[in-house]
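Peer 1: Put together the whole structure using the sequences plus the hints.
So the chains spell out like this:
Protein chains: 4
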Amino acid sequence: MSLNTFGHLFRITTWGESHGPAIGATVDGCPPGVTLEAAMLQQWLDRRKPGTSKFTTQRREADAVEILSGVYEGQTTGTPIQMMIRNTDQRSKDYGEIAEKFRPGHADITYHLKYGIRDPRGGGRSSARETASRVAAGGVAREVLKTLAPGLSITGYMVQMGPHAINRARFDWDQIDRNPFWTPDAAAADLWAQYLDDLRKSGSSVGAVVEVVVRGAPAGLGAPVYGKLDTDLAAAMMSINAVKGVEIGEGMAAAALTGEANADEIRMGPNGPEYSSNHAGGILGGISTGQDIVVRFAVKPTSSILTPRKTVTKSGENTEIVTKGRHDPCVGIRAVPVGEAMAACVILDHLLLHRAQVGDGPRGVIG
Amino acid sequence: MSLNTFGHLFRITTWGESHGPAIGATVDGCPPGVTLEAAMLQQWLDRRKPGTSKFTTQRREADAVEILSGVYEGQTTGTPIQMMIRNTDQRSKDYGEIAEKFRPGHADITYHLKYGIRDPRGGGRSSARETASRVAAGGVAREVLKTLAPGLSITGYMVQMGPHAINRARFDWDQIDRNPFWTPDAAAADLWAQYLDDLRKSGSSVGAVVEVVVRGAPAGLGAPVYGKLDTDLAAAMMSINAVKGVEIGEGMAAAALTGEANADEIRMGPNGPEYSSNHAGGILGGISTGQDIVVRFAVKPTSSILTPRKTVTKSGENTEIVTKGRHDPCVGIRAVPVGEAMAACVILDHLLLHRAQVGDGPRGVIG
Amino acid sequence: MSLNTFGHLFRITTWGESHGPAIGATVDGCPPGVTLEAAMLQQWLDRRKPGTSKFTTQRREADAVEILSGVYEGQTTGTPIQMMIRNTDQRSKDYGEIAEKFRPGHADITYHLKYGIRDPRGGGRSSARETASRVAAGGVAREVLKTLAPGLSITGYMVQMGPHAINRARFDWDQIDRNPFWTPDAAAADLWAQYLDDLRKSGSSVGAVVEVVVRGAPAGLGAPVYGKLDTDLAAAMMSINAVKGVEIGEGMAAAALTGEANADEIRMGPNGPEYSSNHAGGILGGISTGQDIVVRFAVKPTSSILTPRKTVTKSGENTEIVTKGRHDPCVGIRAVPVGEAMAACVILDHLLLHRAQVGDGPRGVIG
Amino acid sequence: MSLNTFGHLFRITTWGESHGPAIGATVDGCPPGVTLEAAMLQQWLDRRKPGTSKFTTQRREADAVEILSGVYEGQTTGTPIQMMIRNTDQRSKDYGEIAEKFRPGHADITYHLKYGIRDPRGGGRSSARETASRVAAGGVAREVLKTLAPGLSITGYMVQMGPHAINRARFDWDQIDRNPFWTPDAAAADLWAQYLDDLRKSGSSVGAVVEVVVRGAPAGLGAPVYGKLDTDLAAAMMSINAVKGVEIGEGMAAAALTGEANADEIRMGPNGPEYSSNHAGGILGGISTGQDIVVRFAVKPTSSILTPRKTVTKSGENTEIVTKGRHDPCVGIRAVPVGEAMAACVILDHLLLHRAQVGDGPRGVIG
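Residue numbers (the working numbering), protein chains in the order written: chain U, -5 to 361; chain X, -5 to 361; chain R, -5 to 361; chain H, -5 to 361.
In short, the hints are calculated from the structure, not lab data. Every clue listed holds true.
One copy or two, either will do: identical chains are not told apart, so a pair holds if it fits within one copy or between any two.
Derived EDC-like pairs (lysine to aspartate or glutamate); straight-line CA-CA distance at most 20 Å:
1. Lys195 <-> Glu254
2. Lys304 <-> Glu259
3. Lys140 <-> Asp286
4. Lys140 <-> Glu31
5. Lys43 <-> Asp83
6. Lys304 <-> Glu268
7. Lys140 <-> Asp354
8. Lys318 <-> Asp192
9. Lys308 <-> Glu259
10. Lys43 <-> Glu60
11. Lys318 <-> Glu254
Peer 2: What follows is the structure, encoded as structure tokens:
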């Protein structure tokens, strides 16, 4: 993994700034012969696209993806796939203030301290806009997964907004696509709508927790000791803007469990081993068990808020800053398709790694 | 990062199984001219060593590290440093049962499903014994950090055992070395001692939360977008055996905060910007701010317990398993020096990455 | 190094096919604060551009490079630099024949055998057009080198065309820019002009040898044992289309020398050690000595010729093929700026690697 | 590829100095379930071992390899394989002179200039002794290749010693194992024996050319544009001590050919395409054709000779040096098994890469 590249064999390199001419992703290592058209990627980009409800930023971006290379007559050729998304809504607003003042909780100050230069327009490289490139790359991964792991599905959803968590007893997969928060708990969606609307009107923001589940993944993905599946999932999610925590299965709650409570007991089923529970989140020793792979991450609240915050200027003067403009009151909403995309990239990457080292067939059998 | 290697420029590759002839770590990319002797590494290994209190496994291992290469007349030469730790306590016990039955919650089953073969003796490659190699490598990183970042310190400690968290109001750095749990809360240490002793006697086990703090790290470490400092810290910690969750700063709790509450406000101090709080855990946009870097991880309970658990055999029969033998009732204790070691490797790696791209001097100044 | 990426820290990823919408290069790891504009890159692209003399392909491409990211107000920001070159001269010719028949000596057949699919238009990904992306990336490297190693220069030139080598006694640096072959031997240029014109008219092609010299590089670049400077130079040059051999210093001729003849004797000069000769090509043990770094590579003749050659079709029938169209009679000419570009990337990459591991200052001194 | 690691998926990391306690290689990414014992590796190490004839250094090293990890009950487990070779013949000689004076043509001076410190005993890390680790790693690769590509063979041999090349008309595969030079030309062996004996007695040394041929490799190994098979072979060979040039197929001689002469014409044979010649050395566009893969490299003469050479001391004084002691008059002889080992590693690595991206089966078919 280098600075702007993610993955071992299915490698994505993203590039571009929020208000430059374009952003994009280069995918290297894609298997050949996979049907791929821009429209297949667009569906995922449209889920992440700003301005789809009053709960996301009102910036208007078509987020139309163009495939510039690596596809011939509708099929991947095994060569690099370049995907470009032009930036269309670069309002000619004055960035003078945020070019001079650092927003507390934002990457402005660290980019400045590291590089001595930064593109302040719309957050530049640190803008959440970068995640559109991830979604495009994840769309490619999904198409490959269709051919390599036909029964596999990847679904993300919100399980907490601010202090309000969902009720797992109300979990309904079918609800996820029916509310603007991608949540499986319809009652939570109602509550959050009101809560977030109030927050939005007050110019505030709030954090969230997103969960991504991979169903139908084969056992055996991952590897000791640093190339673990959970290591790469953790890196993938933590690399998303604003993420501050990552959990696999029980996550932080595993600390409170005893060995007895944490053990996922095993019994033979008709198609191999079955488990009484899934505290492990589908991963043991860094390798998938064949159960659902469950990863969860927390997104902090957007730092761009209307309430004045104390800060300093580049020239070292104490001042205050208020961030006007179009911002997400809960950036966690749009993080859902991003988390799915990163999971798709990691799973595909590990499928390829596994195929490289061990081959296509099942290796160890039980029974 | 490949399967058994961690790091970009300061790269550690660990090797070896619990009951093979030896385990070890190869460090590549170490700066030359750094004073290094085995004794400097041994002090850290001694902290992780089993059998130092009744709260850790009674396996007796000297864990004596030998430096086989890369050091000449007490100084690193810039070439690979090979560190070997011989396995001395490989009891000639019968591993027949765990060779045939899979321990629930253990990597036995996934190694088998992936590779079709595994070394069952003492957990083989998936044994926590591997972490001794990490501690040795972390010891090298610490010696280099002494020369490259003289004021920097890295300290790990336990903040939760089972359901019992420390009281932050009682946090005392000086307590950390004074109890067998490396905890800054003396009262928690007393409580945990009783709690864990009971648990140990009943043959059970429990999870824990470990926090590692890096003080005195310069601003500017890390890089967008995948080479973030927090990405690498998350990967480093999640790669440790039994870790199920990783947090930076507020971590999962960031989800519940509003933008106002989460903002670390900035004011000019005598030596540059100062912050009113550290919700960010010292990292913004993947780059260090100069504040304390705070990373936290949850360790699940050891899967080896005396209570019978349902499982299956390699040949597919339902059965039960009880894991006798010497095991850690709370493996989180020994994870403290391991977390420190991984943090040391990540910080040094990013210091080298930063020096490569931006040079030695400060780049962006404020004021 | 992954499939389409080159470099350790200064990493270039190229993408695009000859007749797709565009080609380009993503540069990651570029130091910040370096002045960069498209015009600075264009000068190098113009040297490689087809159609500048009758000795190169008559394909007309503006090869205009656009910088899409990583530069703000004329300075690099340290984030990925995306450079795109649109393909403008994609003649709507019939590619039916080369889509069905494999050109002997061309990558058509191996792409087909590997991937089962290939973009046949203009050679697709295997087209020499890919090298324009390298030249753009090399242009970025050159601008960075201006700031990190001010006295350093990189110059490529042809030393052999077909069977006709230059006479080293006539070597004149000033001639290199004065003939269409970038050769330092004016007499050779005259000879080659006649030779190549005849060859071109007959529809044939011929190979060449290109030499690249790096003057003013500091001692200490490179590293044992696999990250050697010569290893990376060899990889860089061998990765260029049509290259079949790479030499450092004496190269293959070193085999014929005795130890006495090969020794570059050392004497103290006013500014440090000086050498009586440079058989080593400026590299000992994989590390630069401070002398001129000399690398040389052979380019095979273009496989696209007018003389019919025996081949087979995709469906397995024996047939013949004649490659009409616009092709370089001696592709070695346009390989000169490509070799320079790759050398620039390697040298910069190793400057950054050295700075990472050892720091900015001189490490070992003599005297 | 990092400093001391080679390979993408089958990764070897070598460590150790000539006169330290041991040297070795860590192999990561090895497929599981491959039969492996130390004796299988020892046979290759014995070919490289010093002191087997009067034509190699008289240093006596058993070069006995121990497998410390990654193998269980005689089978690879898929985890890192650590191979250690103890150094047994570290004569307690005085290294004072070469610690102070730099041998012309040797890495002494560049290690000093880069790192400011070096292990001078026996050349330290720059000693040809490091290549024993490569041979061990190559031995592992060979065992894996037996299972993944059963018909594949890798054979190295000398084709030139000093100015004396073999006569290709006398090429006889069966001769290679019958003379101390691993040459297929028995008459050359006789000539070289006399030539080298004279050279050895006079305390001189000479270079050589080694060729390695891979027979039976499948088509489709390699990848555009930087992960080419020839790129990696070039890097692999150039990374060997003393190598100054690498060629694929026609190599440097390709420059002198016309397109007609260079074309390997294609005809359908009973099992697919056949070629009229192999100028390409089995690689087109970076991907194997299925023909013999032919790589050749030149080794310079050992710099350790009895004739005094001018040099300088660490303190900057002009002086002379004579290198006494045990040295190879033609280090190219022992480079033969090293070249084979590196070829084995590269071929296996690309088999795994291909399996990852494209799968096990043939992809593109002809006919």
